[in-house]
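Peer 1: Based on these hints, arrange chain B with the ligand on the given structure of chain A.
The listed protein sequences derive, respectively, from chains A and B.
Going left to right, the first sequence walks through residues 1 to 323 as our numbering numbers them.
Going left to right, the second sequence walks through residues 1 to 712 as our numbering numbers them.
One thing to keep in mind: the hints can contain errors.
Said to hold, decoys possible - Below 30 angstroms or equal to it, Euclidean Cα-Cα: the simulated BS3-like pairs (lysine-lysine) are:
| no. | chain 1 | residue 1 | chain 2 | residue 2 |
| --- | --- | --- | --- | --- |
| 1 | B | Lys112 | B | Lys57 |
| 2 | A | Lys287 | B | Lys708 |
| 3 | B | Lys377 | B | Lys275 |
| 4 | B | Lys359 | B | Lys270 |
| 5 | B | Lys270 | B | Lys708 |
| 6 | B | Lys359 | B | Lys275 |
| 7 | B | Lys377 | B | Lys387 |
| 8 | A | Lys40 | B | Lys57 |
| 9 | B | Lys57 | B | Lys180 |
| 10 | B | Lys27 | A | Lys40 |
| 11 | B | Lys230 | A | Lys40 |
| 12 | B | Lys27 | B | Lys180 |
| 13 | A | Lys40 | B | Lys114 |
| 14 | B | Lys467 | B | Lys27 |
| 15 | B | Lys274 | B | Lys140 |
| 16 | B | Lys460 | B | Lys503 |
| 17 | A | Lys206 | A | Lys196 |
| 18 | B | Lys114 | B | Lys73 |
| 19 | B | Lys27 | B | Lys651 |
| 20 | A | Lys40 | B | Lys244 |
| 21 | A | Lys40 | B | Lys73 |
| 22 | B | Lys385 | B | Lys649 |
| 23 | B | Lys377 | B | Lys651 |
| 24 | B | Lys385 | B | Lys651 |
| 25 | B | Lys33 | A | Lys40 |
| 26 | B | Lys3 | B | Lys27 |
| 27 | A | Lys40 | B | Lys112 |
Worth flagging that the hints you see were computed from the coordinates, not collected in a lab.
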Amino acid sequence: MNAFEYASPTSVDDAVSLLSDSWGETEVLAGGTDLLTLLKQGLTAPRLVVSLSNVKQLSGISKKGGSLEIGATTTLSELVANADVQEHFPALVTAANNIGSTQILNAGTVGGDLLQRPRCWYFRNGFGLFGTHDGEPLVPTGDNRYHAIFGNSGAAKFVNASSLAPGLIALGATLSVQGPGGAREVKASEFYSTPKSENDREYTLKPNEVLTGVSIPMQGLRNGTYEVRQRRGLDWPMVAASVAFEHGGGTVSDARIVLGHVAPVPWFAEKASKELGGKQPNDAALKSASEAAVADATPLSRNGYKVQQLRVAVRRAIEAALA
Amino acid sequence: MAKLAWPGPDRRKNIGARISRLDGPEKTTGTAKYSYDMNREGMLYAKLYQSPHAIAKVTAVDTSEAEAMPGVKGVYIEKDRRGEFPNITYAGDIICAIAATSEEIADEALTKVKVSYSDIGSPQMNDNDPSLISGRDQSKEQGDPDAGFGEADAVSEGTYGLACITHACLESHGQMAEFKDGELYVWPSTQNVSGYAGGLARAAELSADKIHVECQYMGGGFGSKFGADKWGSISTILSKQTAKPVKLMLERDQEHKVAGHRPSAFGTVKIGVKKDGTITAWDSDIWGSGGMGNFRMPPLPYVFTGLPNYRTLGRGIKVNRGAARAWRGPNHPQAALITMCALDDAAHAIGMDSLSFFKKNLHLTDRPEVYAEELDKAAEMIDWKGKWHPRGENTGGSMRSGLGLSIHTWGGGGGQSDCAVTINPDGSVVGRTGTQDLGTGTRTVQAIVLSDTLGLPVDKVRIEIGKNSLPASGASGGSTTVGGVSSSTRDAATQALNALLEKVAPDLGVEADKLEAWDGRIQEIGNPSKGMSWEQACSLLGGMAITKQGSKDTSDGTILTVSGVGGVGIADVTVDIETGMVTINEYAAVQDCGLIIDEKTCESQLYGGTIMGITYALYEETVYDPATGAMLNPDFEFYKIAGLADVGKIKVHLMRGPKYEDRGVVGIGEPAVISQGAAIANAVANAIGVRVPELPLTPDRVLDAISKGGVA
Ligand SMILES: Cc1cc2nc3c(=O)[nH]c(=O)nc-3n(C[C@H](O)[C@H](O)[C@H](O)COP(=O)(O)OP(=O)(O)OC[C@H]3O[C@@H](n4cnc5c(N)ncnc54)[C@H](O)[C@@H]3O)c2cc1C
Numbered sequence: 001m002n003a004f005e006y007a008s009p010t011s012v013d014d015a016v017s018l019l020s021d022s023w024g025e026t027e028v029l030a031g032g033t034d035l036l037t038l039l040k041q042g043l044t045a046p047r048l049v050v051s052l053s054n055v056k057q058l059s060g061i062s063k064k065g066g067s068l069e070i071g072a073t074t075t076l077s078e079l080v081a082n083a084d085v086q087e088h089f090p091a092l093v094t095a096a097n098n099i100g101s102t103q104i105l106n107a108g109t110v111g112g113d114l115l116q117r118p119r120c121w122y123f124r125n126g127f128g129l130f131g132t133h134d135g136e137p138l139v140p141t142g143d144n145r146y147h148a149i150f151g152n153s154g155a156a157k158f159v160n161a162s163s164l165a166p167g168l169i170a171l172g173a174t175l176s177v178q179g180p181g182g183a184r185e186v187k188a189s190e191f192y193s194t195p196k197s198e199n200d201r202e203y204t205l206k207p208n209e210v211l212t213g214v215s216i217p218m219q220g221l222r223n224g225t226y227e228v229r230q231r232r233g234l235d236w237p238m239v240a241a242s243v244a245f246e247h248g249g250g251t252v253s254d255a256r257i258v259l260g261h262v263a264p265v266p267w268f269a270e271k272a273s274k275e276l277g278g279k280q281p282n283d284a285a286l287k288s289a290s291e292a293a294v295a296d297a298t299p300l301s302r303n304g305y306k307v308q309q310l311r312v313a314v315r316r317a318i319e320a321a322l323a
Numbered sequence: 001m002a003k004l005a006w007p008g009p010d011r012r013k014n015i016g017a018r019i020s021r022l023d024g025p026e027k028t029t030g031t032a033k034y035s036y037d038m039n040r041e042g043m044l045y046a047k048l049y050q051s052p053h054a055i056a057k058v059t060a061v062d063t064s065e066a067e068a069m070p071g072v073k074g075v076y077i078e079k080d081r082r083g084e085f086p087n088i089t090y091a092g093d094i095i096c097a098i099a100a101t102s103e104e105i106a107d108e109a110l111t112k113v114k115v116s117y118s119d120i121g122s123p124q125m126n127d128n129d130p131s132l133i134s135g136r137d138q139s140k141e142q143g144d145p146d147a148g149f150g151e152a153d154a155v156s157e158g159t160y161g162l163a164c165i166t167h168a169c170l171e172s173h174g175q176m177a178e179f180k181d182g183e184l185y186v187w188p189s190t191q192n193v194s195g196y197a198g199g200l201a202r203a204a205e206l207s208a209d210k211i212h213v214e215c216q217y218m219g220g221g222f223g224s225k226f227g228a229d230k231w232g233s234i235s236t237i238l239s240k241q242t243a244k245p246v247k248l249m250l251e252r253d254q255e256h257k258v259a260g261h262r263p264s265a266f267g268t269v270k271i272g273v274k275k276d277g278t279i280t281a282w283d284s285d286i287w288g289s290g291g292m293g294n295f296r297m298p299p300l301p302y303v304f305t306g307l308p309n310y311r312t313l314g315r316g317i318k319v320n321r322g323a324a325r326a327w328r329g330p331n332h333p334q335a336a337l338i339t340m341c342a343l344d345d346a347a348h349a350i351g352m353d354s355l356s357f358f359k360k361n362l363h364l365t366d367r368p369e370v371y372a373e374e375l376d377k378a379a380e381m382i383d384w385k386g387k388w389h390p391r392g393e394n395t396g397g398s399m400r401s402g403l404g405l406s407i408h409t410w411g412g413g414g415g416q417s418d419c420a421v422t423i424n425p426d427g428s429v430v431g432r433t434g435t436q437d438l439g440t441g442t443r444t445v446q447a448i449v450l451s452d453t454l455g456l457p458v459d460k461v462r463i464e465i466g467k468n469s470l471p472a473s474g475a476s477g478g479s480t481t482v483g484g485v486s487s488s489t490r491d492a493a494t495q496a497l498n499a500l501l502e503k504v505a506p507d508l509g510v511e512a513d514k515l516e517a518w519d520g521r522i523q524e525i526g527n528p529s530k531g532m533s534w535e536q537a538c539s540l541l542g543g544m545a546i547t548k549q550g551s552k553d554t555s556d557g558t559i560l561t562v563s564g565v566g567g568v569g570i571a572d573v574t575v576d577i578e579t580g581m582v583t584i585n586e587y588a589a590v591q592d593c594g595l596i597i598d599e600k601t602c603e604s605q606l607y608g609g610t611i612m613g614i615t616y617a618l619y620e621e622t623v624y625d626p627a628t629g630a631m632l633n634p635d636f637e638f639y640k641i642a643g644l645a646d647v648g649k650i651k652v653h654l655m656r657g658p659k660y661e662d663r664g665v666v667g668i669g670e671p672a673v674i675s676q677g678a679a680i681a682n683a684v685a686n687a688i689g690v691r692v693p694e695l696p697l698t699p700d701r702v703l704d705a706i707s708k709g710g711v712a
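So here's chain A without its partners, still in its complex pose (with noise of 0.2 angstroms):
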C-alpha cells in the first residue's frame, strides 16, 4: 500500500469537490472491506482517499412516497435488520444474508456492496481486470471456473460481484448519483456497463461522483433470491438469481429475472422473465422459465456446471419468491 492523503468530509458536496475526474487518482471510502484489500495489494493507488463515513445524510433507511430509500452507507446489517425491508424485499434479505460473516455485514454498506470490484483471481493478482499476460489473454485458457457464462465474447471475462445488485434491478430500483453537476437518478438496471479498457469501470457512475443512495418502488412485488453457494459463509455465489413479479393468485405479470456472478454485469434473463408472464406458476413454467434463462449461456472452457446451477438458482429464486 502506497502513502496517500485521507480526508473525511461532512457533506456530499464537500466529498464531490474532493474527487478527481480519472479513475485511480482519488477512492472513495466506505466500509473498507473492499477498498483497503485493493489498496493493500497495490491494485489501486490513489494520491487521495475520501472516506463518507462523516456525511452523516447518506446513512439511513426511510420511507418517502411508495418507495423505500436506503442511504448508500447504510450498512448491510442495518439493511438486513429493517423491518420495511424484511416485510417488503425478502430477496435483498437473502443475498445479504448469504454474505455469512456478521463482521462483513456490520462494516459493509450498500453502496460498497454496490460498486465493489470484481473478484476475479487474475485481476486481483495482478494480471488486470482483463485477465492478461504480455497482451496475451489468460483466461480463456487459464483456470476460468468462477467467470462468466454470459457476456463474455469481449475482453472482459469477470463476474459482477455485487449480491444485491440482481435484487435491486429485479424489485426495479433507482440509485440516485451526485457530481460536480449536481444530482441525477439511474436506474438499477441501467448503472452497470462491461468496461471496454483496462481503466474503466464496471459501472457508469463517473470518477468525480459519490453514490448517495437507492430508492425501490414497494409495489407489492413477490420477489425471491437464490445463490449457489459452496461454504455458508464468507465465500461468493457461484450463480445467483433474484426475481420480482407481480402475482395474485392467477398468473404472474411484470416478472424480472436478474441472475448474479454470471456475467460482467448484473443479467438482466429477458427471455426467462417473458417465459415467465402471463403464465400460471406452475413447474412447468418454472421450468421454462430456468431453461429460457440458460438457453443463451456461453460458457468458457471450465465453467459449464454453472450452466445447471443458474438452472436450478432461477427455478429455487421463483419458489422462494411464491413461498
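Peer 2: Leaving out everything else, chain B with the ligand in the frame of chain A:
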C-alpha cells in the same frame, strides 16, 4: 520406591481425566505472545521480494532506488553457494529482501526493486497427466496378481485422486531475530525448538550454543515448520547487517506459495473380488507431484497390507510450484483415499454392504480386532443399520444422503525427549523440557504426568518449555511429542520422587520402598494415617532442592510409549444433485489412542483433525494459471477453509479400557486427519450412485460425475 511404569486406573487422578488446556486463558485473553507479537526496541521489519515468473534466470538485482528511501536500513540479495543468482523454478521464489523501520516502508521499497531476468520459460503446471511423468518408477509386488485376478468373480476399476494443498497455518512462518552481546536471540514459529538453532549457525556466523531460541505459543505447523528456513536466515543476516532486531513473518500469499505443499496423488486401481467379499488381487498405477522435488508413492495398498496378490506402480511429475513438505500424516490421507475408495467400489461391484465388506477383510490388516471394535462403535454412532442403503438406491428428489467409511493407521510412538524435574524445599515443583506446544496441549500433558506422579493437583506444578536452553526434546513431527514428553517427564519425576522418599523414610519410620505420593501427601502405601503432607516432606530437604533428569528412553528401561494405532471414520452426507453441493451431516471419528493423558485435548485432536479433513475433502486446492504458473488463490477467499457452519455434527470416540491403555502412550495428532477424505468421498458415492474421482469434492466435480454417470 515409586515405579516408573504407568499407574493402574485406581492410581490415576489426572491422567486420563478431562482437563482444560493450561494456557487457554492466556490464549483467549491475548496475553499469550506468538512470534508475530514479539517486538524489540528499535526493531526493523523485513519483507521478501518474490519472482513473478515461474521459470527464469535472474541476471541483475538493482535495489539502489529502494535503498535510497528514508527508513530503509538493510538489503539482502539471494545468491546460491557459488555466489550466483539462483535459477527461478516457481512463481514466488525468493529473490531479495528489504528491512525498514516500518512494514509500510518495507512494502513500498519492494515496489522500487528492479530485477532483470533472462530465459523466461513456460512452466509445467499439470500434475494429473500420466504422459508428463518424469520421475523414476517406484514399484512393489506381492504374490501373483495375475493369478489373483483370474480367481476373481468381479473386477472393479476406478480412478481416484487428491489435489495439491498447502499447510495453511493460521500463524504464518517467520521469526523475530536480535543480536545482543555477540549472541543471537530468536523467537521463531517452529515445531522444533531444540533443533532450530543449528539451521541459523551459518547465517549468524555463530555456533549453535550462542543462538537462543524461544517459542512459547505456536499457531500451527502441520509438518511445515521443522527448520529455520530461508526466511529465518534472511532475518538473521539482516539483523546482523543492520545491528538491529529484525522481524520477518511471511504474508498470507507467501505462506501459500513458499512455505509448504502436500503432494498430490492420482491414479487407477483395479481390484479382483469374489462374490463372498474375498479380495483376490490389487493393481494400482499412481502418479502425482511433490513440486520440483521427488514424488514418493503413498503406501499402497494402505492398511490392508496382507493382501495376498498385489502390484503397485508410482511415478512423479515435476511441477513448477513451491516445494513439498510433510503434511500432517505424510502420504496417509492420499493412501487412504486411494485404497478405501477402491475397496468401497469393489464392495459395490459385488453388491455387498461396505461395512460388511471391510469387516470381512480385516484379517488383511495388522490389527483386525481393534478395527472390528472401532467399526462397530462408529457404525452405532452414525446409525449405519438404520441409514445405510446400497449405492445410489435412495429416494428421489434432489437431496440424496449417503454413508461412507474409511480406516487408517499411524505410528505415534514417542520421540527423543529429555526432561528435568526439580522439587524445591518449599514444595514447589517444576518440569523443564525444550519441547514446544503447537496448540496440541503439550504443556498440559506434561503437567498432568508430573502432578500425578507426585500425587499433586495439576495446578501445584509448573512446566517450562519452548526454549533451547532447556533439556533437549525432539521436533513435533510424526505425532511423537506426547509419547516423548510424557515418558521423559514420568522418568524425571519418578526419580525425583524417589530421592524425596529416601529423605522422608527415616522420619516416617517406613522404608522408602513402601512409600507413595498420593493426594498431596507422602504416606505408607495405602495408609494415609502414616504419612505427612507434601510440603512437610519437602521441607525435610533442608537447603537443597532435588533435580533429576529423565528421558524417553527411561532410566530403568521401562517402556512408557508405543507405536501403532488404528482408527475409523464414517461420514454421513447429503448431496444436492441439482447443484452439486455436498453437505456434511455427521462425522464419526473413532480412535485407538493408547494410554490417554488428557481426554479433553485428545478429543480436541479428533475434532480439529476432522475439521481439517473435511476441509481438504470438500474445499482445499491450490489453483495456478497454466500459462504463467502464478498461484491464483494465495488467500483464504478462494483457497477455501471450512467454517463452523460447514462441518456438520462431529462425534468423537476414544477407545478405552486395559486392552488399549495398558500399551502406553501414543500420539494421535496425525491419525486424526487421515480418513476424512476417503470416508466423505465414499459417502458421496453412496448418496449419488457414482464415484466422484477426485478431491476436493467441489460442485463442478460432483456435477460432472453426475452427468457422466447418468444419475437420474
Ligand atoms: C470474504 C468475503 C466474502 C464476501 N461475500 C460477498 C457476497 O457473497 N456477496 C456480496 O455481494 N458481497 C460479498 N462480499 C463483499 C462485501 O459485501 C463488500 O466488500 C462490501 O459490501 C463493500 O462495502 P464497503 O462499504 O466496505 O465498501 P468499500 O470497500 O468502502 O468500497 C468498495 C468500493 O466502492 C466504492 N464506494 C463505496 N461507496 C461508495 C459511494 N457511496 N460512492 C462512490 N463510491 C463508493 C469504493 O471507492 C470502492 O471502490 C464479501 C466480502 C468478503 C471479504
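Peer 1: Confirm or reject each hint.
Peer 2: Hint-by-hint comparison with the structure:
1. B:Lys112 to B:Lys57: holds, 20 angstroms
2. A:Lys287 to B:Lys708: Judged against 30 angstroms, a Cα distance of about 22 angstroms means the pair holds.
3. B:Lys377 to B:Lys275: Holds, because 26 angstroms separates the two Cα atoms, which is no more than 30 angstroms.
4. B:Lys359 to B:Lys270: Roughly 20 angstroms separates the two Cα atoms, so the pair holds.
5. B:Lys270 to B:Lys708: holds, 20 angstroms
6. B:Lys359 to B:Lys275: Status holds; Cα separation ~15 angstroms.
7. B:Lys377 to B:Lys387: Roughly 15 angstroms separates the two Cα atoms, so the pair holds.
8. A:Lys40 to B:Lys57: Answer holds: Lys40 of chain A to Lys57 of chain B is near 29 angstroms, not above 30 angstroms.
9. B:Lys57 to B:Lys180: violated, 38 angstroms
10. B:Lys27 to A:Lys40: Holds - the C-alpha atoms of Lys40 of chain A and Lys27 of chain B are around 28 angstroms apart, at most 30 angstroms.
11. B:Lys230 to A:Lys40: holds, 25 angstroms
12. B:Lys27 to B:Lys180: holds, 29 angstroms
13. A:Lys40 to B:Lys114: Holds - the C-alpha atoms of Lys114 of chain B and Lys40 of chain A are around 20 angstroms apart, at most 30 angstroms.
14. B:Lys467 to B:Lys27: holds, 19 angstroms
15. B:Lys274 to B:Lys140: Holds: Lys274 of chain B and Lys140 of chain B sit about 23 angstroms apart, inside 30 angstroms.
16. B:Lys460 to B:Lys503: At roughly 21 angstroms apart (the allowed maximum being 30 angstroms), Lys503 of chain B and Lys460 of chain B satisfy the hint.
17. A:Lys206 to A:Lys196: holds, 15 angstroms
18. B:Lys114 to B:Lys73: holds, 18 angstroms
19. B:Lys27 to B:Lys651: Roughly 25 angstroms between the alpha carbons, so the hint for Lys27 of chain B and Lys651 of chain B holds.
20. A:Lys40 to B:Lys244: With Cα atoms ~26 angstroms apart, Lys40 of chain A and Lys244 of chain B stay inside 30 angstroms; holds.
21. A:Lys40 to B:Lys73: holds, 22 angstroms
22. B:Lys385 to B:Lys649: Given that 30 angstroms is the threshold and the Cα spacing comes to 19 angstroms, the pair holds.
23. B:Lys377 to B:Lys651: holds, 11 angstroms
24. B:Lys385 to B:Lys651: holds, 17 angstroms
25. B:Lys33 to A:Lys40: holds, 26 angstroms
26. B:Lys3 to B:Lys27: At roughly 36 angstroms apart (the allowed maximum being 30 angstroms), Lys27 of chain B and Lys3 of chain B break the hint.
27. A:Lys40 to B:Lys112: Cα-Cα ~16 angstroms, so holds.
Consistency with the previously given hints fails for numbers 9 and 26, ordered from lowest to highest.
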